[in-house]
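Engineer: Those protein sequence lines, which keep their order, are chains A and B.
Per this note's numbering, the first sequence starts with residue 1, numbered consecutively.
Per this note's numbering, the second sequence starts with residue 1, numbered consecutively.
Be careful, since some hints might not be right.
[Said to hold, decoys possible] So the derived list for chain A, only partly shown, Cβ under 10 angstroms to chain B, looks like this:
id	residue
1	Phe6
2	Val10
3	Leu19
4	Ala37
[Said to hold, decoys possible] Each pair of labels, with its calculated beta carbon distance range:
id	chain 1	residue 1	chain 2	residue 2	range
5	B	Gly41	A	Leu14	43 to 51 angstroms
6	A	Leu12	B	Glu122	18 to 26 angstroms
7	A	Gly13	B	Glu122	45 to 53 angstroms
8	A	Phe31	B	Leu551	35 to 43 angstroms
9	B	Asp585	A	Gln30	44 to 52 angstroms
10	B	Gln314	A	Ala25	44 to 52 angstroms
11	B	Gly40	A	Ala25	27 to 35 angstroms
To be clear, the hints were calculated from the coordinates, so they are not data collected in a lab.
Every residue, glycine too, gets a C-beta built ideally from N, C-alpha and C.
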Amino acid sequence: MTGLAFLLPVALGLGLAGLAAFFWAARSGQFEDLDGAALRILIEDEDERV
Amino acid sequence: MNALTALPTAAPMSETRFAVEGMHCAGCIARIEGALGKLGGVAAARVNFSAHLVVVQHGTDVTTDAIADVIERLGFPTHLMRERDARGVHDESRALMKALAVAGFAAMNVMLLSVSIWSGAEGPTRTLFHWLSALIAVPAIAYAGRPFFASAWRVLRHGHTNMDVPISIGVILTTAMSLYETATGGAHAYFDGAIMLLFFLLAGRFLDSMMRARASDGVTALLKRLPTDVQVLRPDGTTETRLAAELAPNMRVLVAAGERIGVDGVVETGSAHVDRALVTGESVPERVTAGDEVLAGTIALDAPLTVRITAIGQDTVIAEIARLMESAGQGKSRYVRIADRASRLYAPAVHSLAALSFIGWMLAGASVHQSMLIAVAVLIITCPCALGLAVPIAQVVAAGALMRAGVLIKDGSALERLVEIDTVLFDKTGTITLAGLKPIAGLPEDPAERGALLALAQASRHPLSIAVRDAIEDATAASADDVTEQPGLGVEAMIEGQPARLGRADWVGIAADGDQVATAFQWGTRPVRLIQFADTMRADAPQVMARLKALGFAPMMLSGDRFAPVAALAARIGIMGTAGLSPADKFAFIARQAAAGKRVLMVGDGLNDGPALKRAHVAMAPATASDVGQLAADLVFFGDKLSPVPIAIVAARRTMAVVRQNFVLAIGYNVLAVPLAILGYVTPLVAALAMSGSSLIVVANALRLRGAAK
Chain A
1 MTGLAFLLPV ALGLGLAGLA AFFWAARSGQ FEDLDGAALR ILIEDEDERV
Chain B
1 MNALTALPTA APMSETRFAV EGMHCAGCIA RIEGALGKLG GVAAARVNFS
51 AHLVVVQHGT DVTTDAIADV IERLGFPTHL MRERDARGVH DESRALMKAL
101 AVAGFAAMNV MLLSVSIWSG AEGPTRTLFH WLSALIAVPA IAYAGRPFFA
151 SAWRVLRHGH TNMDVPISIG VILTTAMSLY ETATGGAHAY FDGAIMLLFF
201 LLAGRFLDSM MRARASDGVT ALLKRLPTDV QVLRPDGTTE TRLAAELAPN
251 MRVLVAAGER IGVDGVVETG SAHVDRALVT GESVPERVTA GDEVLAGTIA
301 LDAPLTVRIT AIGQDTVIAE IARLMESAGQ GKSRYVRIAD RASRLYAPAV
351 HSLAALSFIG WMLAGASVHQ SMLIAVAVLI ITCPCALGLA VPIAQVVAAG
401 ALMRAGVLIK DGSALERLVE IDTVLFDKTG TITLAGLKPI AGLPEDPAER
451 GALLALAQAS RHPLSIAVRD AIEDATAASA DDVTEQPGLG VEAMIEGQPA
501 RLGRADWVGI AADGDQVATA FQWGTRPVRL IQFADTMRAD APQVMARLKA
551 LGFAPMMLSG DRFAPVAALA ARIGIMGTAG LSPADKFAFI ARQAAAGKRV
601 LMVGDGLNDG PALKRAHVAM APATASDVGQ LAADLVFFGD KLSPVPIAIV
651 AARRTMAVVR QNFVLAIGYN VLAVPLAILG YVTPLVAALA MSGSSLIVVA
701 NALRLRGAAK
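Using the sequences provided together with the hints, build the complete structure.
Structural biologist: Below, the structure is given as C-alpha cells:
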C-alpha cells in the first residue's frame, strides 16, 4: 500500500502533464495542417550562408 | 519559418485565404511561400497543405489579385476564398476539443482504477479506489460536461427537450449515485461509465462542429460592388460628384470607360460594350447605344456613356437580386438535420424507459436504492453514444474523401440534403462551360504574326483582347509603335513598319457575321484573320450528363444567355435547356419545382444564379464562381471538370447508407442491452464494454467511406 501512495500521484501527474502538453499544442496550432507538417521537413533552407 | 518576414511598418493588416489547386509536395509549399514572401507588403504566407489553402497576412495596399497572380504564375490555379464568417464555429470547436481532451484523460485514469476493482479489489482498497476515481471524475465531468449541461438548461428553461437533456440527467444522476455508493462503501460506482459517456459524446459533438453550417452574410457584400459615388451631369453641362444615396431618377450621370455603372438607366449618348456578367451571367459583352437599357453593376468597357437614371438604390435590378437571395435563404435554414430529428424521438423514449424501470422495481418490492441503481444503469446504457457519433463521423469521413476529390463542403447538412434531391439544374456560362471566352478559330500560325497579334492584344483591356492574349501567351510579343486604342473599334499600331489592327471586323476590313462573337486582325498586307470565340464546354460535360441520367435524374439547363448558344450546347450534351432567363425567372422556376414537391440541386456560378442557388434544396458552385455564387453554394468544386457533381451525389448517397447502417447498429445494441439493464444485470463492467464496443463499431463502419468519392 505504501507503493500506491507513491505511484498514484506519479501516474496522475504524468497524465496531467500529457494533458497540459496537448492543450499547449492545440493552442499553438500544431494540429492545423498535419499533412503539411510531414512534408515541411523536406524543404531546404535557402537562407544565404555567411 | 522561412516564409515569415517582418514588415518594417505597422501598416494595417488583413488576412486573406486562397484555395490553391495542385499542391502535392514539399517543393510546392516552399515555392509558394517563398514567392509570396518576396512580394512587397506581404507579412506572412503559410500553406495549409491538408486544407489546400494559403493564408496570407498582407498590408491593405497589396491587392488580393496581385497575390493570387503570384501563385498562379507558379502554375497553381488559385481562387480567393470568400468565407462565411467562421470565427464563432471555430471557437466552439476549440472549446469542444479541450473538453474532449479532459474527458479522455479522466476516462483513461478512472478506467485504470476501475480495472483493478473489476479484477477483485475489495474492502478498504475498493473504497480508496472509488474515492480516487471520484477525485478525478467529478471535476472532469464538471468541466467536460458543460456543453451538454448548458444546452440542456437552455432548452429546459423554455420548456423543450433535446438530446442533451437525457445526457445531462444521466451523467448527473450517475455521478451522484456513484458518490453515494462510494460514501457508503458500496460495490458499484459508475464514474468510468459517466466519464466515458462524455468522452464519446464529445467526440461526436466535436466532429459535428467541424461540419457545422456557417451563417451567411453574403448578400450585403453584393451591394458593396456598386460604386459609392457617381458623376452627375448638371443641366448646364457641368458635372459634380454625388454620393449614390443622393441620386434621383431622371438625373443624368456620366460613366467613364472601364467604370462600373451605379444605377439602372437608359443610355442617352455614347455607345459602348457593356460587360453584364455580374448581373446576367452573359460572358459576351453587349453593345449598347442611345436608347438601350443598362443595369447597375454592369461595366462600360470601352467608351464613356451618358445615362439617364430610371432606378436607384433599392429599386435596381441588382438590389432586387439581393432581396430575392435573402428571402430564399430563410427557407433553407428551416431544414432539420437528421441527428436532431433522431434525438427528438429518442430523448422522451429514454426518459420514460428509465422512469418506468424505477417504478417497476419499486412496485416489485425492491428498495429505493436498488431501483435507483437500475434506473441509472438504464440511463447509462441507453445514452446515445453510438447514436451521437453515427452521423458526424460518417459525414466527416465522407467530407475528407470529397475534399481529396476536389469538392469542398461548406454546409454540414449539405450531404444529407444532397441525398434527397430529384432534380438537377445547371447554369450554362461558367458552369457547364468554363468561365471566360476562348478563341476557337482564326488564330494565326506564323510566329511573327502571332507576335504582332500578342503586341496588340496586350495593349487593350477588352475581354476579347484578354482572351486572345491568354490563348497565345507562348508567343513573343513584337515591339509595336504608336499603339492607339479606338474606343468601340479596336487597337492599331505600327509593327515592323507595317500597320496592324485588331478589333471590330468591319473596322479591320472584313464583313462581320452578326451572330458570331468574333474579332478581326490584320497586319500589313497579310490576309485578314477573323478570330472566333466561344465559351468552351467543360470537356466531360456529356459524360456527366449521361451519368446523371443513369443515376435517375433528368438534368436541365437554365441560362440567362441567348437562345442560339443555349440550344447548341443543350443539343451537344443531350439535355433540355431554357434560355433568356432573368435571375428572378430562375428563382421562380425553382420555386415552382419546390412547390410541386421537387427537391432541386442547382449548379451555378454567377451573381445571376444567386437567388436560384439560395432557393434550391442544395446548391453547388465551381471555385471560379463569383463571390455571391460561392457564398450561396453549399458545395464548391475545383478544377475544369464537371464530374464532381455526380461524384458528390454518389458520395452523399453512400454516406447516408452508412448513417442508416450506423443507426441500425446503435439501436440494435440498445435492443440487446436495455432489457439486461432493466432486469438489473448491468454492472459497471458490462456498461463500459457495451458502450465502447458499440462506439468502435460505428466508427469502423464509417471509415469505409474513405473511398466514397468516385
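Engineer: For every hint, state whether the structure bears it out.
Structural biologist: Okay, the hints, checked on the actual structure:
no.: 1; hint: Phe6; verdict: 14 angstroms, violated
no.: 2; hint: Val10; verdict: 12 angstroms, violated
no.: 3; hint: Leu19; verdict: 5 angstroms, holds
no.: 4; hint: Ala37; verdict: 8 angstroms, holds
no.: 5; hint: Gly41/B to Leu14/A: 43 to 51 angstroms; verdict: 48 angstroms, holds
no.: 6; hint: Leu12/A to Glu122/B: 18 to 26 angstroms; verdict: 23 angstroms, holds
no.: 7; hint: Gly13/A to Glu122/B: 45 to 53 angstroms; verdict: 27 angstroms, violated
no.: 8; hint: Phe31/A to Leu551/B: 35 to 43 angstroms; verdict: 37 angstroms, holds
no.: 9; hint: Asp585/B to Gln30/A: 44 to 52 angstroms; verdict: 51 angstroms, holds
no.: 10; hint: Gln314/B to Ala25/A: 44 to 52 angstroms; verdict: 51 angstroms, holds
no.: 11; hint: Gly40/B to Ala25/A: 27 to 35 angstroms; verdict: 34 angstroms, holds
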